[in-house]
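Asks: One-letter residues, chain by chain:
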Amino acid sequence: MDKVTAATLADHAANSPKQAALVRKIRIEINGLSLKRAGRIILNRLNLSLANRGITAIIGPSGAGKSSLLRCMNGLVNDWQGEIIIDGVASKQWPCGADALRRHIGLIAQKPTVFPCSIAGNVLFGIRGKQRRQDNGELIESCLKQAALWDEVCDRLDHDAQTLSVGQQQRLCIARALAVKPAVILLDEPTASLDPRSKNKIEASLRGLATSMPVVVVSHDLDQVRRLGGHTLFMCDGKLIEQGNSETLLSTPQRVETREFFQWSMCDCPTDAEK
Amino acid sequence: MANRCTQVLLILLALPALAVPLACLIYLLMRGLPGFDSSLFSLNFSSAGFDDKHSVIPQIMGSLALSVLSCLLALPLAIGLSLYNRLYAGPRSKLFMQHLLTSFQSIPPLVYGLFGLLIFVHFLGWGLSLAAGTIVLAMIILPVLTLNTIHAIERVPQDYTDAARALGMSASQIIWHVWRPRAWRSLLTGLFLAVARTLSETAPILFTATVFSGASWPDSLLSPVTSLQTHIFYLAQEAVDENTVARAWSSALVLVTLVTMFSVIAHLLNKRHIKHG
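Those protein sequence lines, which keep their order, are chains X and L. Quick note on numbering: my numbering labels position 198 of the first sequence as 198, and the sequence is numbered without any gaps. Quick note on numbering: my numbering labels position 66 of the second sequence as 66, and the sequence is numbered without any gaps.
Keep in mind the hints are simulated off the structure, nothing from the lab. One or more hints might be untrue.
As the list claims (entries may be wrong) - Distance condition first, Cα-Cα at most 25 Å in a straight line; then the derived DMTMM-like pairs of lysine to aspartate or glutamate:
{"no.": "1", "chain 1": "X", "residue 1": "K36", "chain 2": "L", "residue 2": "D162"}
{"no.": "2", "chain 1": "X", "residue 1": "K130", "chain 2": "X", "residue 2": "D151"}
{"no.": "3", "chain 1": "X", "residue 1": "K92", "chain 2": "L", "residue 2": "D162"}
Owing to the predicted nature of the structure, the values given are computational and were not obtained by experimental measurement.
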């Protein structure tokens, strides 16, 4: 598919001028992104442009390359061909190297991984050097509030983070990613295998985050994509097939591949996580 | 009935494996314990000797010096190699490195001893010295220590490494804050096992580091040392009177106690490592 230029702002962010002003200005251009693994094509000359959005959901069948796309954007995977340009700078030539790029583009994995230390220690885990030695109480509070976890853990910040429920651990991972002050947050199926209550809390947290930064979510849950609103990309076989406003794309898909995927999804086919 | 037969068969197979070392240990205790007296551990010594009046303190110190120094030399190299293997080596290099280290492990220590004799003692002219013995012992334990460190790092869940990398942590930060807390206990276990291994080696230090008498504590790295292993070897070969033979058995018991002590520490650390996941 030819390069598609995305809309300027997420719907809900654009609705409010105040919120729109808070959205960080970031533009990610992906040109001809290709990735192979063991001879298999994972991403196939993918073209995409993400600019100052609220929430962007990426949907598609298993093996479509959604998670790989996030890993390429974050710099966890580097052996791809093509171009990823972030704010006019090629990601492979990112100033101060790949580590700095990964701090700029936060990534939260599908499986919550908390380190074997306290809740506060986990929030500050990515912060090292001088900043770590300062009083970071406010930072911890603000990150946990943004991740909708503060109310549940404010009285036990020194407790072992591994005693939290899976849903709380996932929100702690979000708080941890926010603590290094990324310009954009990428989430790979953040609510897979979570109960509805935890899902709601994470969705609330994402909607809050999207008012101040672009949030990209890979999801198999079409209801969740509808609830999150914003923009949706449909990927299949490593290519971007279709994109548009979430509500419009989910109700009136234009491409045959998208329609077929929605029919499959309604049959409750298993997600990557369930497999 | 079939289960019962299998159980009996396995016990019969296991018995010799347990009984032989146990019999050795009991015999060692029977022969070694009567020779334990104050003179054995006397701090009043001028140089190591071979009669039943001489203390084995110089030999114990010599053995420990060789073991500790060789481990101190091998440990940073093992850590460096394993970190290179984990961070930078490709899949083929990793496999090659692991095969190479496994092969090095199977080289008889005597060959390392001969190598040390030719290179350090004769070619470099160091003579029998603490330095030559230390390097040869370090070469012997380097493969086992490296493989142990590689496995210790590999046991740190990949999810932790990925999560830390996704946060933009540098390789050195990941090593220090993610791998070190999870791997140090396993690394220490390997280190104590390596100390025990160096204490058991005789042939390599016989060629490169030890003398039988006339030395107490080495003045420098280029001085020769005495060690428990070679002391026992010499006493067993040369002693004619009963008291000196008894001293050989007592020295052997001291050596076995030292090796067991380091093995037990390694075992305890490993148990705690498993308990703490």
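Asks: Which numbered conditions among the earlier hints are violated in the structure presented, ordered from lowest to highest?
Replies: Violated hint (a single one): 2; every other hint is consistent with the structure.
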